[in-house]
Amino acid sequence: MFNFAALTKIILALIISLCSILINDSNVLFGLLMIELIVMISSGKINKIGKAVVMLGIFSLLLYGIQLLCGSSVEISLISALRMVIMSFSVMLMLATTKTQQITAALVKQCYMPYSYAFMVTAVLRFVPDILAESQAIREVQACRGYRESANPFKRLMEYMIIIKPMVFRAIERSEHMAISLEMRGFSRTNKRTFMAETKLQGIDYSVLLVATLSSAMLVSLF
Amino acid sequence: MENKTAMNKNQNEGSLRWITITTLLLAIGVILRMISPSIGGISLNWNIVMYCLAIMLCRPTPGQGLGIGIVAGLVATMTSKAALPYANLVSEPIAGYLCAYMASKRIFDFKLVNVNVEPAFMAFITTIISGGIFVTVTKVIINLPINIYLYAMLPTVGIMAILGMIVGQILYKPANKIFNVSNNEKNKNKYTLNHMNLTINKGSFTVVTGVNGSGKTTLLLTIAGARINYFGGIKNSKLIVNDIDIMHTELAELNHQVGMVMADYEGQLVTETVGDEIAFSLENLGLELNEILKKRSQVLEMVGLSGLEDRLITSLSGGQKQRLAIATVLVVDSSILVLDEPIAAIDPEGAIEIYSLLKELNTKYHKTIIVAEHDLKYISDCVTQLIVLDNGELKYAGTMDECLSFMYHSKVYAEAIPLKSKIYLELGDQKC
Amino acid sequence: MLKLKDINYSYNKKDKVLDCITLEIHEGEIVAIAGRNGSGKTTLTRIIMGIMNADNGFMQLDDNDITKAIPADMAKYIGYVFQNPDRQLFASSVFEEVAYAPKKLGFNGKEVDASVKKALDATGLTGLEQHSPQMLSRGLKQRLAIASALAAKPRILILDEPTTGQDCRERTILLRLMRKFNLEGMTIILVTHDMDIIAEHAHKVVVLEKGLLKFNGTPLELFSNEALTLKLGLELPEAVHVGEEYNLGICLTPRELYKKLEERNHSHV
Chain Z
1 MFNFAALTKI ILALIISLCS ILINDSNVLF GLLMIELIVM ISSGKINKIG
51 KAVVMLGIFS LLLYGIQLLC GSSVEISLIS ALRMVIMSFS VMLMLATTKT
101 QQITAALVKQ CYMPYSYAFM VTAVLRFVPD ILAESQAIRE VQACRGYRES
151 ANPFKRLMEY MIIIKPMVFR AIERSEHMAI SLEMRGFSRT NKRTFMAETK
201 LQGIDYSVLL VATLSSAMLV SLF
Chain R
1 MENKTAMNKN QNEGSLRWIT ITTLLLAIGV ILRMISPSIG GISLNWNIVM
51 YCLAIMLCRP TPGQGLGIGI VAGLVATMTS KAALPYANLV SEPIAGYLCA
101 YMASKRIFDF KLVNVNVEPA FMAFITTIIS GGIFVTVTKV IINLPINIYL
151 YAMLPTVGIM AILGMIVGQI LYKPANKIFN VSNNEKNKNK YTLNHMNLTI
201 NKGSFTVVTG VNGSGKTTLL LTIAGARINY FGGIKNSKLI VNDIDIMHTE
251 LAELNHQVGM VMADYEGQLV TETVGDEIAF SLENLGLELN EILKKRSQVL
301 EMVGLSGLED RLITSLSGGQ KQRLAIATVL VVDSSILVLD EPIAAIDPEG
351 AIEIYSLLKE LNTKYHKTII VAEHDLKYIS DCVTQLIVLD NGELKYAGTM
401 DECLSFMYHS KVYAEAIPLK SKIYLELGDQ KC
Chain U
1 MLKLKDINYS YNKKDKVLDC ITLEIHEGEI VAIAGRNGSG KTTLTRIIMG
51 IMNADNGFMQ LDDNDITKAI PADMAKYIGY VFQNPDRQLF ASSVFEEVAY
101 APKKLGFNGK EVDASVKKAL DATGLTGLEQ HSPQMLSRGL KQRLAIASAL
151 AAKPRILILD EPTTGQDCRE RTILLRLMRK FNLEGMTIIL VTHDMDIIAE
201 HAHKVVVLEK GLLKFNGTPL ELFSNEALTL KLGLELPEAV HVGEEYNLGI
251 CLTPRELYKK LEERNHSHV
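Protein chains in written order, with my numbering: chain Z, 1 to 223; chain R, 1 to 432; chain U, 1 to 269.
For reference, chain Z alone in the conformation it holds in the complex (with noise of 0.2 Å):
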């Protein structure tokens, strides 16, 4: 069912976004925001975010209250959670159902991004990971020559510092190979790129593209 096109997606994404900034009844935003709902358990991905989820959540009453204290009317304050966690829903659903490389493709494709900055969205995802069991590896190291994490929040700010520094030069150091390495890979060939991951737009998004324009247009106009 969640076989749209990444472009699609994003599409879907920012409309319900849209949305939710130009309605300014709380009752259809809650609407929006049980649509999305919906649409996020039947993708199967709850399990993926529904940590996030919850958090925001939280985060989103944590919202509500405070613009209640800070004296703004029911109606407001409702309308002001609903909206953050809606459009923060739309994008934590689209990344979940989209590849990154589907993303990337789409960017550059349709949305005329020059390559080397898709390509660095992904290489950053792709060295996260790595880059955190590092970090892991230098706490290890701190802690076996002595370190005990203290109780003092600047104090362990600074603790950070440390490890900030050789990460940061391992980093550079790092950057060099990995400049030989594309470089020898032909990446800044000027000559046209291929991208294995499809994003041509079907039938099937257009029509879904179609739906849910009118309908927000329709429910802007109402609303």
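Don't read these hints as lab results, they were simulated from the structure.
Any given hint could turn out to be false.
[Claimed, not checked] Residues on chain U that point at chain R, a partial pick, calculated with CB under 10 Å: (1) Asn37; (2) Lys117; (3) Gln134; (4) Arg138; (5) Glu161; (6) Arg171; (7) Asp196; (8) Glu238; (9) Val242; (10) Leu257.
[What the hints assert, rightly or not] Residues from chain U that keep clear of chain R, each with C-beta distances beyond 10 Å, as calculated: (11) Asn8; (12) Met59; (13) Lys180; (14) Asn216; (15) Leu232; (16) Ile250.
Each residue gets a CB set at the ideal place from its N, CA and C atoms; glycine is no exception.
Fit chains R and U to the known structure of chain Z by using the hints.
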């Protein structure tokens, strides 16, 4: 005999280092954000300090700065759990553009009490701009009360800016030193090769050995056609590999003919999955989808990784990652395969597997193999030529026995001689 | 003396990584821990150091129960040197790197300086105090990691595959250092794949296979039994192969080989 010191006139022209350093620093930013303590759902945006640092190190054009900002914004949107993910897509590109502009014009490049304060100013201003736009956009779209905006969000941005200023100032100078170590003339000479006359025949299996620092990596990089401004280069030498005159061939052509697996093979793997990685090399060459799929499964079979297209690279073992790196160079049909210390961090079982794969590639698929290695016991049954380097010079090239004999008698890296050969040589001596 | 009794560890309570490990390590010994990849060697040392906690079992150092100890507690008794020097060094100067442990353990200013000086001397790094650790060669980085562990004045040193990625010259230097420390009284626990190192330097070797302790004895007992060695997934040291070829009997180390060759030459003359 010619010099090959700089085939490109402008040292940094077309250099890809700005891409790689930004990528790695942003990845650090993501991690730091993950592990930093967060105050009320807002965590310090380390991304800003990191891309600011990257921009200061490589001084890209403002246009590139905008692109870097877009990347930072996309990454932040994809990885943060903040209230309004879209706000990053507005704040980071603007901040990135302005940061690159300030860096390129070196507006703050001056000293205060003998200390260059550019990093502090840059980090502070970039954070203020990025954070300021972020909270303003958030306030407007979510319709937050003005009190929170003025008394909680803006001050938080201020605190973040001060912290960013401190971090940027502390990190920049040492980082810059390491970043530019290859541009330093003194170091360049340390890594230059001299008087290297070497012929490597088609289909041969050549092993290069020598202490660390003797020039093995530099030699291999030269053969593979790596850009010279990353390392010292080579002088007064004649290198022929597979009838190709390395010193007089365009780098791009060398890249096509020679595939290299570097010592830091992790840094060569830049995509998420095994399949994507192999496809990456082919996508760069503009091949069509069917071709890519066909070649990919062929090469996965050659290296023994069939069926693992969807496996995440981070879940592979060291030996598997090595084989994947080999696969990425095989798939573009290079006839020459160069490897820099392939088994350095791998256990004996894995080492035997790698060398039997290399032997097969050499004998069955007729690839010319060049390997830099210390542990000579693995190569004895496949090596056709052994070379020993010392201090940037070629000391001897010949069959394994001849070279080991030379190493033994001239005491050049004699520590690497396998025990069996050493005994044989010593007995030989005694007989004489 | 370090005692381990019935140490068990599994990931997610499912895959057993260590199964009822019981062993004793006496003061002044060099004990090698060997085994295939995935046999649990590094996990065992991490549990000894407190980086990970065993699911159950008991650990004792002299008379102290260290079963639930954390690494910071163990730092003054055991120094841990990890495999990859690039992931071990984080200070801005060699001096700061080596001084980190003594400072964290509460040594006063003079004691810190003295132990740093001693550690740098012991590892041949005197004179490099102001250098940046990141700019050192790989061999020097590993020696710096060792110096940093030594500065806390531990009695036991755990070395996790210390010769990985080192060239042959640095390898010789590192092993010589290890031997020197041991002669001065340091107990060494060495995780390694290199059978030559075990044959030449270890007093005892412990072999793990799939988390079980399959052998605990001397290198001679292990390597003179070729069938057992191969069954445990290990290779024989090079000296043993060469000794067989020249019909010299079991020779564990190059030195033994040379001695036997000399004896044979003399007897021929």
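Hints and how they fare:
{"no.": "1", "hint": "Asn37", "result": "holds, 5 Å"}
{"no.": "2", "hint": "Lys117", "result": "violated, 24 Å"}
{"no.": "3", "hint": "Gln134", "result": "holds, 6 Å"}
{"no.": "4", "hint": "Arg138", "result": "holds, 6 Å"}
{"no.": "5", "hint": "Glu161", "result": "holds, 9 Å"}
{"no.": "6", "hint": "Arg171", "result": "holds, 8 Å"}
{"no.": "7", "hint": "Asp196", "result": "holds, 8 Å"}
{"no.": "8", "hint": "Glu238", "result": "holds, 4 Å"}
{"no.": "9", "hint": "Val242", "result": "holds, 5 Å"}
{"no.": "10", "hint": "Leu257", "result": "holds, 7 Å"}
{"no.": "11", "hint": "Asn8", "result": "holds, 24 Å"}
{"no.": "12", "hint": "Met59", "result": "holds, 27 Å"}
{"no.": "13", "hint": "Lys180", "result": "holds, 18 Å"}
{"no.": "14", "hint": "Asn216", "result": "holds, 21 Å"}
{"no.": "15", "hint": "Leu232", "result": "holds, 13 Å"}
{"no.": "16", "hint": "Ile250", "result": "holds, 15 Å"}
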